[in-house]
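Each chain, written out:
There are 2 protein chains.
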Amino acid sequence: MLDIKTEFTTNPKNKPAVEALGFGQYFTDHMFIVEYTEGKGWHDARIIPYQPIQIDPSAMVFHYGQAVFEGLKAYKTVDGKVLLFRPDRNFARLNNSNERMVIPAIDEAFALEALKQLVTIDREWVPDAPGTSLYIRPFIIGTEANLGVHPSKSYKFIIIMSPSGSYYKEGINPVKIMVEQKYVRAVAGGTGEAKTAGNYASALKGQEIATAEGYSQTLWLDGKEKKYVEEVGSMNIFFKINGKVVTPALNGSILPGITRDSMIQVLKSKNIPVEERRITIDEVVEANKNGTLEEVFGTGTAAVISPVGELKYLDEKIIINDGKIGEVSQMLYDTLTGIQNGTIEDTFGWTIKL
Amino acid sequence: MLDIKTEFTTNPKNKPAVEALGFGQYFTDHMFIVEYTEGKGWHDARIIPYQPIQIDPSAMVFHYGQAVFEGLKAYKTVDGKVLLFRPDRNFARLNNSNERMVIPAIDEAFALEALKQLVTIDREWVPDAPGTSLYIRPFIIGTEANLGVHPSKSYKFIIIMSPSGSYYKEGINPVKIMVEQKYVRAVAGGTGEAKTAGNYASALKGQEIATAEGYSQTLWLDGKEKKYVEEVGSMNIFFKINGKVVTPALNGSILPGITRDSMIQVLKSKNIPVEERRITIDEVVEANKNGTLEEVFGTGTAAVISPVGELKYLDEKIIINDGKIGEVSQMLYDTLTGIQNGTIEDTFGWTIKL
Ligand SMILES: Cc1ncc(COP(=O)(O)O)c(C=O)c1O
Ligand SMILES: Cc1ncc(COP(=O)(O)O)c(C=O)c1O
Numbered sequence: 030m031l032d033i034k035t036e037f038t039t040n041p042k043n044k045p046a047v048e049a050l051g052f053g054q055y056f057t058d059h060m061f062i063v064e065y066t067e068g069k070g071w072h073d074a075r076i077i078p079y080q081p082i083q084i085d086p087s088a089m090v091f092h093y094g095q096a097v098f099e100g101l102k103a104y105k106t107v108d109g110k111v112l113l114f115r116p117d118r119n120f121a122r123l124n125n126s127n128e129r130m131v132i133p134a135i136d137e138a139f140a141l142e143a144l145k146q147l148v149t150i151d152r153e154w155v156p157d158a159p160g161t162s163l164y165i166r167p168f169i170i171g172t173e174a175n176l177g178v179h180p181s182k183s184y185k186f187i188i189i190m191s192p193s194g195s196y197y198k199e200g201i202n203p204v205k206i207m208v209e210q211k212y213v214r215a216v217a218g219g220t221g222e223a224k225t226a227g228n229y230a231s232a233l234k235g236q237e238i239a240t241a242e243g244y245s246q247t248l249w250l251d252g253k254e255k256k257y258v259e260e261v262g263s264m265n266i267f268f269k270i271n272g273k274v275v276t277p278a279l280n281g282s283i284l285p286g287i288t289r290d291s292m293i294q295v296l297k298s299k300n301i302p303v304e305e306r307r308i309t310i311d312e313v314v315e316a317n318k319n320g321t322l323e324e325v326f327g328t329g330t331a332a333v334i335s336p337v338g339e340l341k342y343l344d345e346k347i348i349i350n351d352g353k354i355g356e357v358s359q360m361l362y363d364t365l366t367g368i369q370n371g372t373i374e375d376t377f378g379w380t381i382k383l
Numbered sequence: 030m031l032d033i034k035t036e037f038t039t040n041p042k043n044k045p046a047v048e049a050l051g052f053g054q055y056f057t058d059h060m061f062i063v064e065y066t067e068g069k070g071w072h073d074a075r076i077i078p079y080q081p082i083q084i085d086p087s088a089m090v091f092h093y094g095q096a097v098f099e100g101l102k103a104y105k106t107v108d109g110k111v112l113l114f115r116p117d118r119n120f121a122r123l124n125n126s127n128e129r130m131v132i133p134a135i136d137e138a139f140a141l142e143a144l145k146q147l148v149t150i151d152r153e154w155v156p157d158a159p160g161t162s163l164y165i166r167p168f169i170i171g172t173e174a175n176l177g178v179h180p181s182k183s184y185k186f187i188i189i190m191s192p193s194g195s196y197y198k199e200g201i202n203p204v205k206i207m208v209e210q211k212y213v214r215a216v217a218g219g220t221g222e223a224k225t226a227g228n229y230a231s232a233l234k235g236q237e238i239a240t241a242e243g244y245s246q247t248l249w250l251d252g253k254e255k256k257y258v259e260e261v262g263s264m265n266i267f268f269k270i271n272g273k274v275v276t277p278a279l280n281g282s283i284l285p286g287i288t289r290d291s292m293i294q295v296l297k298s299k300n301i302p303v304e305e306r307r308i309t310i311d312e313v314v315e316a317n318k319n320g321t322l323e324e325v326f327g328t329g330t331a332a333v334i335s336p337v338g339e340l341k342y343l344d345e346k347i348i349i350n351d352g353k354i355g356e357v358s359q360m361l362y363d364t365l366t367g368i369q370n371g372t373i374e375d376t377f378g379w380t381i382k383l
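Chains as they are written, first to last, in the working numbering: chain A, 30 to 383; chain B, 30 to 383.
Bear in mind the hints are in silico, worked out from the structure with no lab data behind them. Glycine is no exception: its CB is placed at the ideal position from the N, C-alpha and C atoms. It cannot be assumed that every hint is accurate.
Simulated coverage check for chain A against chain B, where a stretch passes if three residues somewhere in it have a Cβ under 8 Å from a Cβ of chain B [what the hints assert, rightly or not]:
no., segment
1, 53-64
2, 90-99
3, 122-136
4, 200-213
5, 219-232
6, 266-272
All chains should be built: construct the whole structure from the sequences, respecting the hints.
Next comes the structure, spelled out in structure tokens:
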């Protein structure tokens with residue numbers, strides 16, 4: 030395994046007040062970086078003070094978008110330990126994204142080791158107020174200074190970390206989401222199941238439209254028939270219909286969320302019926318009409334669960350569960366956050382203690 | 030209009046030998062850069078020595094892919110003048126890409142002025158051997174240091190330039206292209222008509238497959254039905270069938286090529302019938318079977334014209350015009366390159382002399 034050199038900062042930053050944290054605005058004192066050069070592989074792994082990178086204006090990432098990333102969190106437990114939640118799944122998914130985007134694979138065990146060292150060095154940055162966490166962003170970018178359209182011959186794999194505030198400061202607030210009609214996020218055969226930069230850029234337009242209409246997120250339909258539900262902005266989506274929980278099956282254009290997978294496992298462990306299958310937006314509208322649409326919620330690392338209180342489709346506004354969080358959503362939220370902050374026993378083996 | 034400050038290099042580089050140029054490998058002595066800050070607009074326009082940029086690892090372009098670009102060329106005429114080819118179209122298209130990717134618009138007239146100043150300063154870098162040119166790459170990247178998924182609040186608009194060699198050193202070589210079956214480049218409602226980084230990253234996988242089978246480029250079908258011809262890697266595509274030239278209509282998922290538009294105008298001026306319409310891959314196969322598929326060629330800034338000598342679709346290998354360049358392709362190539370290097374009178378008003 031590669032050696033990781035460490036250079037400690039001589040100039041530690043002041044940590045922001047917990048109320049000021051927000052999301053993704055402040056960064057810890059250190060970052061991890063390792064280089065890839067064709068013919069040489071990954072090399073020069075190091076943990077260094079958080080700092081700007083120097084990069085040629087012709088670097089491929091700026092032009093042809095070879096960029097993949099991950100998002101996971103470290104949590105502080107009540108007894109002061111730091112827990113990572115399923116980091117192995119993130120590095121496995123990063124390699125799936127790499128494969129699709131023609132980026133060389135990383136050594137997942139090495140990445141995990143690097144992450145542990147980095148979090149340990151910056152452990153004072155893991156906030157401990159309820160609901161707060163340290164957001165971790167591993168990412169890889171193509172850095173070759175060349176304008177030919179081909180896979181980059183050099184890359185940087187970087188991990189940066191950002192203390193983040195509580196998503197729900199005043200209890201869990203259901204969100205309003207809008208079904209996008211005109212723009213498409215991903216299509217079968219495209220890059221939807223990869224966590225690659227371009228997917229997010231292409232979704233901004235839909236987000237802009239939703240925001241202008243007073244909705245906080247976009248619900249994306251499939252790119253081919255605009256009929257099947259796919260996912261929400263940066264969350265997977267679940268529907269509870271007539272006692273059963275349904276979520277779109279992983280079809281190649283949906284991001285395989287790690288929270289999604291965890292929710293399915295928790296549901297199964299509690300004997301709540303859960304189905305991964307295709308689901309049309311019409312089925313959701315129909316369920317609402319006949320009174321069987323009981324809960325709708327999004328799942329993702331950032332908020333864990335986002336109950337959906339209102340769903341707009343064409344001219345129809347569907348109010349779900351009177352705009353309040355449902356029973357199953359609440360149970361899933363409590364279970365997952367409990368495991369993440371160490372107050373509920375982790376019978377799934379999901380957490381790694383540092 | 031903004032003021033452009035100029036800082037000249039004190040350390041001019043050696044110019045590479047014309048045979049060594051290739052494409053996009055060497056860069057001129059200077060670059061143009063202008064910054065955008067929310068609330069302030071575009072500011073600090075300057076021409077400076079070509080140099081790496083310093084950028085925060087959390088800069089949005091690395092994570093959410095807000096990046097658009099253009100590609101155009103400056104040519105040296107036999108009498109030593111420098112010509113730009115339709116640069117106004119490139120800046121107009123850049124603004125269309127900006128609109129789709131939720132990036133603030135640039136002032137097109139100002140961009141053109143900046144480009145003229147930059148090319149004038151580096152005019153010694155415009156090579157003059159036959160077929161060579163100065164490739165110009167304007168691009169915009171989101172630079173806000175923040176991990177929230179939203180449009181960046183700051184951007185850099187940069188122009189870099191690279192002397193490029195002759196595309197056809199030993200006469201015009203027809204290329205072999207392969208119809209991609211599994212992967213998709215773009216879909217209606219997606220970002221196909223924007224010149225944005227993610228489109229190119231998502232196309233690398235198809236390119237990898239084509240290369241492995243000995244083909245130099247991918248022919249993309251529509252993302253919805255995989256039935257209609259869209260475009261090739263970084264070229265638009267034309268078919269001459271039974272005396273008529275046909276090219277896919279601009280449908281939202283195809284890049285509106287400036288060479289494509291120029292070819293259509295040249296064809297019309299010569300009274301050669303040309304149609305922009307939907308064309309299925311089956312129609313192409315059928316035309317080949319009944320002997321009416323006369324020419325196939327790609328068009329783009331890099332090569333102007335790339336005749337297609339072989340087209341692979343499923344298990345079928347279609348040889349076009351005995352693998353040689355066709356009459357219309359040759360005429361279009363000669364006309365456009367003649368206008369570009371000043372040996373044919375520019376009756377279209379396409380060139381700008383510096
Ligand atoms: C497009 C998209 N879908 C779903 C998710 C949820 O995935 P996860 O649960 O792994 O955070 C995310 C966020 O990471 C995302 O960006
Ligand atoms: C995807 C794509 N299609 C077509 C083209 C051709 O466009 P133009 O003729 O403007 O160079 C390009 C190249 O710029 C391209 O990248």
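Results of checking the hints against the structure:
With 4 residues bearing a CB less than 8 Å from a CB of chain B, the segment 53-64 of chain A meets the requirement of three and the coverage assertion stands. Remark: the segment 90-99 of chain A is confirmed as covered by chain B, as 8 of its residues place a Cβ nearer than 8 Å to a Cβ of that chain, reaching the required three. Proximity of the segment 122-136 of chain A to chain B, defined as three or more residues with a beta carbon under 8 Å from a beta carbon of that chain, is established by the 3 residues found. Here's how the segment 200-213 of chain A fares: 3 of its residues keep a CB closer than 8 Å to some CB of chain B, so the rule of at least three is met and the hint holds.
Three residues within the 8 Å Cβ limit are the bar, and the segment 219-232 of chain A against chain B gives 10, so the coverage statement holds. Counting residues of the segment 266-272 of chain A whose beta carbon lies closer than 8 Å to any beta carbon of chain B gives 0, which falls below the threshold of three, so the coverage claim is violated.
In the structure shown, a violation is registered for the earlier hint numbered 6 alone.
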